[in-house]
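Put chain Z on the given structure of chain Y with help from the hints.
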Amino acid sequence: MPYTGGEVTLPRRIACALAVVALALVVSNRALLAHPMEGTNAGFVQSVDGPAPGPFLYLGAKHMVTGYDHLLFLVGVIFFLYRLRDVVLYVSLFTLGHSLTLLIGVLADVSVNAYVIDAIIGLSVVYKGFENINGFERLFHVKPNTRIAVLVFGLFHGLGLATKLQEFMVSENGLVANILSFNVGVEIGQILALLGVVAMLSYWRTRPSFLSYSFAANTALMVGGFLLASIQVVDYVLFS
Amino acid sequence: MSREIAEPDTLPSRQKILMATAAALLTAAALLFGAILPAEYGIDPLGTGRVFGLLALGQSQPFAAEDGEYRTDRAELTLYPAEWVEYFYRLDEGSNMVFTWEATGPVTYNFHASPDGAPAGYAESFDAQDRDDGHGTYTAPFTGIHGWYWENIGNERITITLTTSGFYTTAEEGRARASGYKPLTDIRGNPVPNVP
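Here the protein sequences come in this chain order: Y and Z. Residues in the first sequence are numbered consecutively from 0, following numbering that gives the first Met the number 0. Residues in the second sequence are numbered consecutively from 0, following numbering that gives the first Met the number 0.
This is chain Y alone, in the form it adopts within the complex (with noise of 0.2 Å):
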C-alpha cells in the first residue's frame, strides 16, 4: 500500500478520532442500515401481483443507495483502484456474484438466516479495510486474491439482498419479471452510488492527504464494519 510514514501530529490525530466516529455515527443510524425493507415499500411488494418493472426497478436501486453495508464494501473495494479498467474489473466481479445469488436466492426460495448473512456482509467490510492496511500480509503471511475475494463477498451481499426480498410474500405471477427489474435496479443504484464513491476518492487522492489518512480511513471501514456485523448478532440473539 502506497504509504507516506509522516509525522502523526495532534491536528492528525483529532481528524483520525473525528472521522472514526463520524463514520461510526453515520453506520449506526439504523435507518441506514442495511434491514428489511419497512412501511410504505413493503405493502406495496405484498400487494403486488402480476409484473411490476418500473415499481421493483425503483426498489432495487432504493435498496443500494441506502444500504451502507453495501456501499461500504464497495468503497473498501476501489479505495486503492487508480485504474478505471481495474475498477470496472472489480465491481463486475461483484455484480456477478451479487446477481447470482440474488436471483437464484428468491427463485429457487432459498432459506437461509438473514441476520447471520447481513453479520457477514458486515465482516465482509472489515476484511476490505484489513486487506487494505496491508494486515493479511503483515500479520499473516499471506495474500489473498482480491478478485476471488470479491466475488465470494459479492455471493454474500447477493444472499443478503435476497432474504430482504423473500420476506415478502413475492406473488408467483411475474416473479421472474420482479426479480430481474429488482436486479437491474440494484446494478443501477450501484452504479450511482459508484459515481458519487469514484468522485470523491479521485478529488482526494489529489491531495497529499489522502495517503496519510488513506490508514485512518480504512481503520474506520474496520469500525463500521465491525459495527455493521455486531448490530446483526444482536438482533439474532433478541429476534431468532
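These are computed hints drawn from the structure, not numbers from a lab. Don't be surprised by glycine CBs; every beta carbon is placed ideally from N, CA and C. Don't take each hint at face value.
[Said to hold, decoys possible] Reference excerpt, derived from the structure (chain Y facing chain Z, CB under 8 Å, subset only): (1) N133; (2) R137; (3) V141; (4) T218; (5) V222; (6) L226; (7) S229; (8) V233.
[What the hints assert, rightly or not] What follows is a list of derived Cβ distance ranges for each label pair: (9) Z/R156 with Y/N112: 58 to 64 Å; (10) Y/V183 with Z/A127: 58 to 64 Å; (11) Z/T136 with Y/V183: 43 to 49 Å; (12) Y/L106 with Z/F125: 52 to 58 Å; (13) Y/L191 with Z/T99: 50 to 56 Å.
Just chain Z now, with coordinates in the frame of chain Y:
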C-alpha cells in the same frame, strides 16, 4: 490490484496494523454497548444509557426486555357511597404494566404516582376522569409507587374489579393504603353518616 509500487519500509508495520484492528474492534464495542444497545434495544449493560438519557429512546421502541418478575393480579374493592380508596403497586423506572378495571357504578378516578424519596404527599397525576372503567398500558417514568384513586360518586355501594399484568411488585405502603369517606351532608347542611 493496481497500485503504485510501494516501498516495503513505508508499508504499515505489524504493530500498527494490530493496534488499528484492535482499536477498531474496541471502538465498535464501545459504541455498541454504550450507545446503540440502550438507544435501539433498551438494553443498558454499562449504565451509560441512563446517564445520557439514551434509555428513554430505547424504551419507546416497540420491543423492551424487562428484568423483573412477571405477575398477574386481580383485586376487588368495595366502596360505599362517598367512600374513596387508593390502590398502588411498586414499579421501577421503565417497567410496564397493563391494566383493566371496571366499576359497577360511577366513580371519580385518578391515576397518579409518587417517586421514591419525594416529599410526603407529592404525586404526579397521569389521568383523571369521571368514568366507570379504564383500560391501558402504563410505563413507569420513575421508580416508586403508582396506582389508582377511586371515589364512589353514586348513591349505592359499588365494586371495582382491577386486573393487572406486568412487571411490578406489591407496594406494602400502597396496597389499599388509605380509604376514607368524604363527609356527606343533608339538605340543611347537617352531617349524615355514610355507612348505613
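The hints, checked one at a time:
no., hint, in the structure
1, N133, "holds (5 Å)"
2, R137, "holds (5 Å)"
3, V141, "violated (14 Å)"
4, T218, "holds (5 Å)"
5, V222, "holds (5 Å)"
6, L226, "holds (5 Å)"
7, S229, "holds (5 Å)"
8, V233, "holds (7 Å)"
9, Z/R156 with Y/N112: 58 to 64 Å, "holds (59 Å)"
10, Y/V183 with Z/A127: 58 to 64 Å, "holds (59 Å)"
11, Z/T136 with Y/V183: 43 to 49 Å, "holds (46 Å)"
12, Y/L106 with Z/F125: 52 to 58 Å, "holds (54 Å)"
13, Y/L191 with Z/T99: 50 to 56 Å, "holds (53 Å)"
Going down the numbered hints, you'll see the structure goes against just number 3.
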